[in-house]
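**Student:** Take a look at the letters that make up each chain.
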Amino acid sequence: MTEGFAAGARAGLPVVLGYLSIGFAAGVVQRAAGLSVAEIALLSLVVYAGSAQFVAAGMIAAASPVAAVVLTVFFVNLRHLLLSAALAPALARVPAWKNALIGAQLTDETFVVAWSRVAGGGALSAAWMWGLNLAAYLAWAAATVAGAVLGEALGDSRRLGFDYALTAMFAALLALQIRAVPARGRALAVAIAAAGLALVLARVLPGNWFVIVATLVAATLGYALERWTSAPKS
Amino acid sequence: MDVRPEVLMIALGAALVTVVPRVLPLVVLARLALPPGLRAWLAWVPIAVLAALTAAELGLQQGELALKWRELVAVLPVLAIAALTRSLIGAVIAGVAAMALLRV
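Note that the protein sequences, when read in sequence, are chains Z and D.
Its first residue numbered 1, the first sequence is counted upward by one per residue in the working numbering.
Its first residue numbered 1001, the second sequence is counted upward by one per residue in the working numbering.
No lab work stands behind these hints: they were computed from the structure.
If you're wondering where the values come from, they're calculated on a predicted model, not measured in any experiment.
Watch out, some of these pointers could steer you wrong.
[As the list claims (entries may be wrong)] Covered stretches of chain D, going by a simulated chain Z footprint (3 or more residues, C-beta under 8 Å):
{"hint": "1", "region": "1003–1014"}
{"hint": "2", "region": "1039–1045"}
{"hint": "3", "region": "1053–1062"}
[Stated by the list, open to error] Example chain Z residues on the side facing chain D (calculated, C-beta under 8 Å, incomplete):
{"hint": "4", "residue": "Leu91"}
{"hint": "5", "residue": "Gly161"}
{"hint": "6", "residue": "Thr220"}
Virtual Cβ for every residue (Gly too), placed ideally from N, Cα, C.
Bound-form chain D, shown alone (with noise of 0.2 Å):
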């Protein structure tokens, strides 16, 4: 089980590539001060994230749009119960269980 030079230097790169835009921002922005204006446009990035990355899981494969009715129908549960209990674990289940029925 060897690593080819080639992989190793993709490895060390994509490492580098990749840790810095994780730390860089926590470690400046977390010692300054930041302007209130700035802070209430950061609060809305997670969910605009969240319903950027939920809408590429739903709604495309391989960068193409897809109706992919299993997850879209698999979400409602998701959504009902993470609505009705705020339960995020419960949630997950509900979600993995639908998908495992809809596979049947």
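So here's chain Z without its partners, still in its complex pose (with noise of 0.2 Å):
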């Protein structure tokens, strides 16, 4: 049990140092949006959503009314949709329970980190789970605090780059899956298909549908690929 907690923490790593950079960022600009300490902790604790905790400091200082922010907020987070599900199969021996408790920990990071385990043909415990899901969260928390209090004092963090930590994540996970996968011209076309239209329909899209409708239609593509290239064994 806390042997699985411990790896899943280590796993996580590359997750905090893009949360401690990205956190940090988010909470020099909710402090700067006219929120306080308190409130940038409050929004780090129980939404605990980076992109969705942005773009609400900006509609909070806009003085939107409640329900456009909540409904905003619905928008940009839907797309854990599909990863909760696409995560369902590696939990199903675990208790419904304990899948809430870690569901509601998801972000893409911690998702794309233990979907690289399951690929990479390791198991997923619950207390894996945990370990990576608390190392993600404490993290968030404390550097979007940190950013809170400190960020005025200490100017540009982007200098050293670290803002730049989880781009280089979506990037490498990206890589290995791609290589992990045995179909890998399948794969590549599935990457190409979800990327060309991700920049084609961020254009047309409010909000952050580009993401979900992209995944929807490159991951149909990659299974009708598979079935028509396959069909026999499928």
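Assembly of the complex is requested from the two constituent chains, each provided in isolation within its own frame, with the hints serving as guidance.
**Tutor:** What follows is the structure, given as structure tokens:
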């Protein structure tokens, strides 16, 4: 149990590195938008969603109605439906209440770390997921509060390139995923389709919908290619 | 350091609408025996969502197409390290170092 927890926390190290920097930036931005340190801590602890907190801070600064902010956050975070569903088969043996706690802390980044373990043939346990989730959650909370408190004094934190950690992690995980799939051509086609669709759809769809739609279409393409090219085995 | 009532309401409302999509599929689908077709489809979701998120990081600025040359250059050592060593943390550190150098 404890071994799984510690291993999960260690696997979360790239996420922690990224969150320390992005979280710091999020704290600075939210403070600049007029939120108090206590409000920033509250949002980080109960919402725990980077892009949604950036968006909410801007809308709060603009004195948007509560319902409008909540609805926007809902749409920004709706993509978690897909991640949660994709993780479900790997956690089928975990009791529902534990899965509820695991899911409550699901993020893009913790999802891809967990998924890369599944794709590499490893098993997911509740303890491992909690280690990963808690490491990421605490890093996020600590970093946003630190950014809120220290941000103005420290100046530009982008200088050291830490804000690039999450981009680097997405790109590295994508490369590792494609490498891990036996049908590499198909995986590349899915990735190129998703990337191209995302870039095109971002201009026409509101909020983060382009991520959801690009993912749905590209995953369907991968499934269709699989069915057509390996129909007998499927 | 107060929490304004409207911010408290936003935090609680946002927490609710965030946690439901995070938890619901995991709790419901993990208990069902998913049809093989759906499982095969779901297996493509990670690559698709990662590619979409990576493309957004590398090619979008506030929702518009943008040529972010530093991000595009810095992704090369990331991909090289990931492909050659399969080390996630090594690739991330290479990317951060490359970005720091590019911003000097």
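**Student:** Hints first: check each against the structure and report whether it holds.
**Tutor:** Now the hints, each set against the structure:
no., hint, in the structure
1, 1003–1014, "holds (count 11)"
2, 1039–1045, "holds (count 7)"
3, 1053–1062, "holds (count 8)"
4, Leu91, "holds (5 Å)"
5, Gly161, "holds (3 Å)"
6, Thr220, "holds (7 Å)"
The structure shown violates none of the earlier numbered hints.
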